[in-house]
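Please work from the sequences and hints to get the whole structure.
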Amino acid sequence: MPDHYTTLGIQQTATNAEITAAYRRMAFLHHPDRNLENTGDATRRFQRIQEAYDVLSDDTHRRRYDEARNRYQGLSFPEVYVYWVVRERHRYYAEIARAQREEAAAQRERELEEMLKAQEEERRAAKQAEQEKRRAEEQAEQEKRRAEEQAREEERLAAEEAKKAEIEKARQSALKQEADKQQVRWEGAGVTTEEAKRSTCLHSSLCAKTQHRKKVKCEACGVKRGMIAFKCPHCSSNICQLCLSNSAKKRAQDEDLNSSNHE
Numbered sequence: 001m002p003d004h005y006t007t008l009g010i011q012q013t014a015t016n017a018e019i020t021a022a023y024r025r026m027a028f029l030h031h032p033d034r035n036l037e038n039t040g041d042a043t044r045r046f047q048r049i050q051e052a053y054d055v056l057s058d059d060t061h062r063r064r065y066d067e068a069r070n071r072y073q074g075l076s077f078p079e080v081y082v083y084w085v086v087r088e089r090h091r092y093y094a095e096i097a098r099a100q101r102e103e104a105a106a107q108r109e110r111e112l113e114e115m116l117k118a119q120e121e122e123r124r125a126a127k128q129a130e131q132e133k134r135r136a137e138e139q140a141e142q143e144k145r146r147a148e149e150q151a152r153e154e155e156r157l158a159a160e161e162a163k164k165a166e167i168e169k170a171r172q173s174a175l176k177q178e179a180d181k182q183q184v185r186w187e188g189a190g191v192t193t194e195e196a197k198r199s200t201c202l203h204s205s206l207c208a209k210t211q212h213r214k215k216v217k218c219e220a221c222g223v224k225r226g227m228i229a230f231k232c233p234h235c236s237s238n239i240c241q242l243c244l245s246n247s248a249k250k251r252a253q254d255e256d257l258n259s260s261n262h263e
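With the working numbering, the residue at position 115 of the sequence shown is 115, and numbering never jumps.
Please keep in mind that the hints were generated in silico from the structure rather than gathered at the bench.
Any given hint could turn out to be false.
Pair by pair, the computed Cβ-Cβ distance ranges are [to be verified]: (1) E149 <-> Q128: 24 to 32 Å; (2) E154 <-> L242: 40 to 48 Å; (3) E121 <-> E67: 47 to 55 Å; (4) E103 <-> Q131: 36 to 44 Å; (5) E149 <-> K215: 29 to 37 Å.
Ideal Cβ positions, reconstructed from N, Cα and C, are used throughout, including at glycine.
Right under this line is the structure:
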């Protein structure tokens with residue numbers, strides 16, 4: 001076992017300041033750069049000086065060294081050497097075992113971290129899959145509602161078109177009936193000219209309502225009553241609301257008269 005106190009030339013009771021001063025003095029004297037004639041021996045001496053200072057300058061290392069040094073007193077060199085070798089080997093294998101335990105613990109921590117990371121990734125993937133599934137379901141539901149709304153709208157439009165077609169068919173039928181009756185009236189009265197037809201026409205109940213930018217002169221009564229006129233589909237005359245109402249009354253009277261004659 002090396003005698004660090006002897007290497008630095010100090011007593012075992014030396015203070016930290018004395019240890020540092022001795023180290024500087026011995027390092028200066030035995031530095032390899034100052035002993036170029038025998039660099040090998042100087043390097044070995046300098047290493048022993050450095051080792052002695054590293055041990056004695058640290059309170060924990062110094063205390064352990066002193067305990068071992070006192071334990072070895074009275075032993076022969078071979079006995080000390082064997083004891084020191086056994087102790088160092090035990091310390092070496094203890095350090096290996098400690099390093100292996102630390103590595104095993106670190107490995108377990110890494111494995112645990114990887115497992116937690118994998119679980120987190122799995123949870124995140126499951127959450128993302130659930131969100132995508134929910135979005136797909138919501139999108140499918142929205143598309144279904146849109147399709148149903150579109151179908152209802154198409155059904156409504158079709159019903160409206162059918163109703164309009166039915167109304168237009170009824171209107172055309174009524175117009176034809178009115179036109180036939182009006183033609184019978186004209187033939188019965190011997191009316192042939194367009195002017196005479198306009199003056200004797202009882203006009204249709206289905207006259208088209210037209211809007212004008214200024215007051216329109218009624219072609220039946222000759223009075224300008226308003227900007228709204230009604231165009232008769234039988235004689236093509238633009239008539240006022242009053243004449244249209246009067247024509248309706250005349251048609252009703254004519255219908256009652258025809259009914260009485262048939263009876």
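Hints versus structure:
1. E149 <-> Q128: 24 to 32 Å: The hint (24 to 32 Å, Cβ to Cβ) holds, given that E149 and Q128 are roughly 31 Å apart.
2. E154 <-> L242: 40 to 48 Å: holds, 44 Å
3. E121 <-> E67: 47 to 55 Å: For E121 and E67 the Cβ distance comes to about 54 Å; the hint holds.
4. E103 <-> Q131: 36 to 44 Å: Since E103 and Q131 have Cβ atoms about 41 Å apart, the given range 36 to 44 Å holds.
5. E149 <-> K215: 29 to 37 Å: violated, 47 Å
Hint compliance for this structure: hint 5 is the single one not met.
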